[in-house]
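Trainee: Residue numbers (the numbering used here), protein chains in the order written: chain A, 1 to 231; chain B, 232 to 462.
Don't read these hints as lab results, they were simulated from the structure.
Sample of chain A residues at the chain B side, in silico, Cβ under 10 Å:
hint : residue
1    : Ala117
2    : Ala125
3    : Val131
4    : Phe138
5    : Asp139
6    : Cys140
7    : Leu142
8    : Leu146
9    : Val166
Some chain A residues well away from chain B (every beta-carbon gap over 10 Å; in silico):
hint : residue
10   : Gln41
11   : Asp59
12   : Leu228
Where a beta carbon is used, it is the ideal one built from N, C-alpha and C, also for glycine.
2 protein chains.
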Amino acid sequence: MDGIRVITCDIFGTTVDWYTGVAEQVAKLLPDVDAGSFTSQWREKYLPSMANVREGRRDWAYLDALHRESLDELLARHGLDPDEDTRGRLVRAWHRLPAWPDSVPGLAQLSGRYTTAALSNGGFALLTNLVKAAHLPFDCILSAELARNYKPDASVYRTAARLLDVEPGEVLMVAAHGWDLDGARAAGLRTAFVERPEEKGPDHPADRAEDVTADLSAGSFTELAELLSRG
Amino acid sequence: MDGIRVITCDIFGTTVDWYTGVAEQVAKLLPDVDAGSFTSQWREKYLPSMANVREGRRDWAYLDALHRESLDELLARHGLDPDEDTRGRLVRAWHRLPAWPDSVPGLAQLSGRYTTAALSNGGFALLTNLVKAAHLPFDCILSAELARNYKPDASVYRTAARLLDVEPGEVLMVAAHGWDLDGARAAGLRTAFVERPEEKGPDHPADRAEDVTADLSAGSFTELAELLSRG
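Next up, chain A with everything else stripped away, as it sits in the complex (with noise of 0.2 Å):
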């Protein structure tokens, strides 16, 4: 992997666990549903809701709104009706979730030799608040915001390279995701993929290695620091 010089992380699954966060919440704010299927069903709506975005069926919308649309719907089809506030809080619930245990340590080690950035579709302050919260060493914030699409558009990566000042080929595009990387691929950019097999919960199998295609695979942001420190 010569020629890397910044490395972006995708960041729900990837480096935090939006499964275990998002259910906690739900299980406290919704109490009559189940909530790991709950959340699972709302996650299914995610990439769905941006492709109406990516593919120019409606204008650019935050992941908040598109998260408050996709919420709504879920609560109307379990014929639940919960308050404004409670409506609020769910969806900021993906603003603080917990990190893989491997992550602070693989990513400090990882900010030793390359430039770090998460790389998300969550929005820039969503992104900021979370990574802080989660005390996750990046050197900046990137978001899919920022050119206001959303991943897999390679207008997402190769603005990410702009901002860095450097080509497509010299970013480490990291995400536990087959379709993330696939899109960094076509924008140029190097890929690795990092497995997370409790990333849906236990009922929903997550992207495993044999099925991925990617330059580099690890089981963990430790393992993928050592990978690259063998040169």
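Fit chain B to the supplied structure of chain A, relying on the hints for placement.
Mentor: Below, chain B without anything else, positioned relative to chain A:
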């Protein structure tokens, strides 16, 4: 100072000592000039070069490009003709500058209570690299580049507030320059002056507290953190 949620900080002169850092590189790369005087003359072209962008006389240009143009003019005025490599290294002198001694501990204190962001006319890549090398503990990097304009244009301060999802009045702009705080105030931000008497070297007076209008005034980032902790 109730209601402050975000602290945005100017960089050149406010958190880092550009005069010492640039003069050291000038002394090394242009041994025949008076390094301090050359550095001061270079910096004097800073605000006029950006005014051309702000006032629409030219398209957006990166700070590196403006620094290069003003360097080329200055070298010609001094009858100097260094090679391309030397010119590039001089421009990059602005990418790595020493922090004032109070900047790191003061920002660390502020970061415990507020979201902290770099907000400079330096480009996003320049700031990311400079902040990392100087170990300044910001939560995120913002740059005038994200508004494709320059401070003191109101769009720069308002873009910062928008990206962090707060109202302009919830942002405290910290700077060692009256013109920056005047711009921030006009955009609806609150303002704190940090006096840096040594900023422009021994032969040029820096902005002094008695001449600057600001909501707060301090002699260092640690003093500012203390003033804010008093409520």
